[in-house]
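Student: Quick note, the sequences are listed as chains A and B, same order. With the working numbering applied, the first sequence has no gaps in its numbers, which climb one by one up to 120 at the end. With the working numbering applied, the second sequence has no gaps in its numbers, which climb one by one up to 107 at the end.
Hint data in this document are derived by calculation from the structure and do not stem from the laboratory. Among these hints, one or two may not hold up.
[As the list claims (entries may be wrong)] Per label pair, the in silico range of CB-to-CB distance: (1) Lys65/A - Gly16/B: 44 to 50 Å; (2) Lys103/B - Ser78/A: 32 to 38 Å; (3) Gln27/B - Pro14/A: 32 to 38 Å; (4) Gly16/B - Gly15/A: 51 to 57 Å; (5) Pro80/B - Ser78/A: 37 to 43 Å; (6) Ala23/A - Asp30/B: 32 to 38 Å; (7) Pro8/B - Glu89/A: 22 to 28 Å; (8) Gly26/A - Ser77/B: 32 to 38 Å.
Even for Gly, the Cβ is constructed at its ideal location relative to N, Cα and C.
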Amino acid sequence: EVQLVESGGGLVQPGGSLRLSCAASGFTFSNYEMNWVRQAPGKGLEWVSYISGSGSTIYYADSMKGRFTISRDNSKNSLYLQLTSLRAEDTAVYYCSRAYSTTWYGLDYWGQGTPVTVSS
Amino acid sequence: DIQMTQSPSSLSASVGDRVTITCRAGQSIDNFLIWYQQKPGKPPKLLIYAASTLQSGVPSRFSGSGSGTDFILTISSLQPEDFATYFCQQTYSAPRTFGGGTKVEIK
Chain A
1 EVQLVESGGG LVQPGGSLRL SCAASGFTFS NYEMNWVRQA PGKGLEWVSY ISGSGSTIYY
61 ADSMKGRFTI SRDNSKNSLY LQLTSLRAED TAVYYCSRAY STTWYGLDYW GQGTPVTVSS
Chain B
1 DIQMTQSPSS LSASVGDRVT ITCRAGQSID NFLIWYQQKP GKPPKLLIYA ASTLQSGVPS
61 RFSGSGSGTD FILTISSLQP EDFATYFCQQ TYSAPRTFGG GTKVEIK
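The task is simple: from the sequences and hints, build the whole structure.
Tutor: If you want it as structure tokens, here you go:
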């Protein structure tokens, strides 16, 4: 059974940092592109970033470039998102999800999300 | 960046109604269009990929159509479990933008 379990969220002050983790199981992790998507309270979905299976290709949404860093450790079946210079508008639930070419890179499995609150 | 515009942003419908939701891309995205369903407090669920291919396990009352810039999600006969918010996403190029969502509510 495919499982994605996020952790690392919490309350952080503006300008602070957090490292989110996503533990994957039930599939060959290194074969899949992994994504982070966030959702602010009561708002829609916002794509954050993706990283290819090998880690060689990475993209970010424009508003997160330079502040967020995605990475993965295939030996640990884990995905990460380092958040820095956090702002109130980064408050959201952060989801990790997987994508594959056979579904046109649609996100077929999602974690339950980890909440991040940026507030003083 | 490719902007994705969904309409309507919300709609009210009754069980058994036919429902259509539109998603328009700011430029051609071929058929790299994904539809998701999201219920409150839950992560999204993949419904349709490649604009018209039903994900395994998704009921056949859901269908998708379109190519290029204009896409439609259709629910042929709305069921109680279909009341949710629906999002489109383009995966043609990064950033892989989502539409703003369409909330389907009970009439």
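Student: Now tell me, hint by hint, if it's right for this structure.
Tutor: Hints, one by one, checked against the model:
1. Take Lys65/A and Gly16/B: their Cβ atoms lie about 47 Å apart, and the range 44 to 50 Å holds.
2. Checked against the hint of 32 to 38 Å, the pair Lys103/B and Ser78/A passes, with Cβ atoms roughly 34 Å apart.
3. Between Gln27/B and Pro14/A the beta carbon distance is about 35 Å. The supplied range of 32 to 38 Å therefore holds.
4. Our hint of 51 to 57 Å for Gly16/B and Gly15/A holds, since their Cβ atoms are close to 52 Å apart.
5. For the pair Pro80/B and Ser78/A, the beta carbons lie near 38 Å from each other, so the given range of 37 to 43 Å is met.
6. At about 34 Å, the CB distance of Ala23/A to Asp30/B agrees with the hint of 32 to 38 Å.
7. Separated by about 26 Å at the C-beta atoms, Pro8/B and Glu89/A satisfy the suggested range of 22 to 28 Å.
8. Taking 32 to 38 Å as the suggested C-beta distance range, the pair Gly26/A and Ser77/B conforms, at roughly 34 Å.
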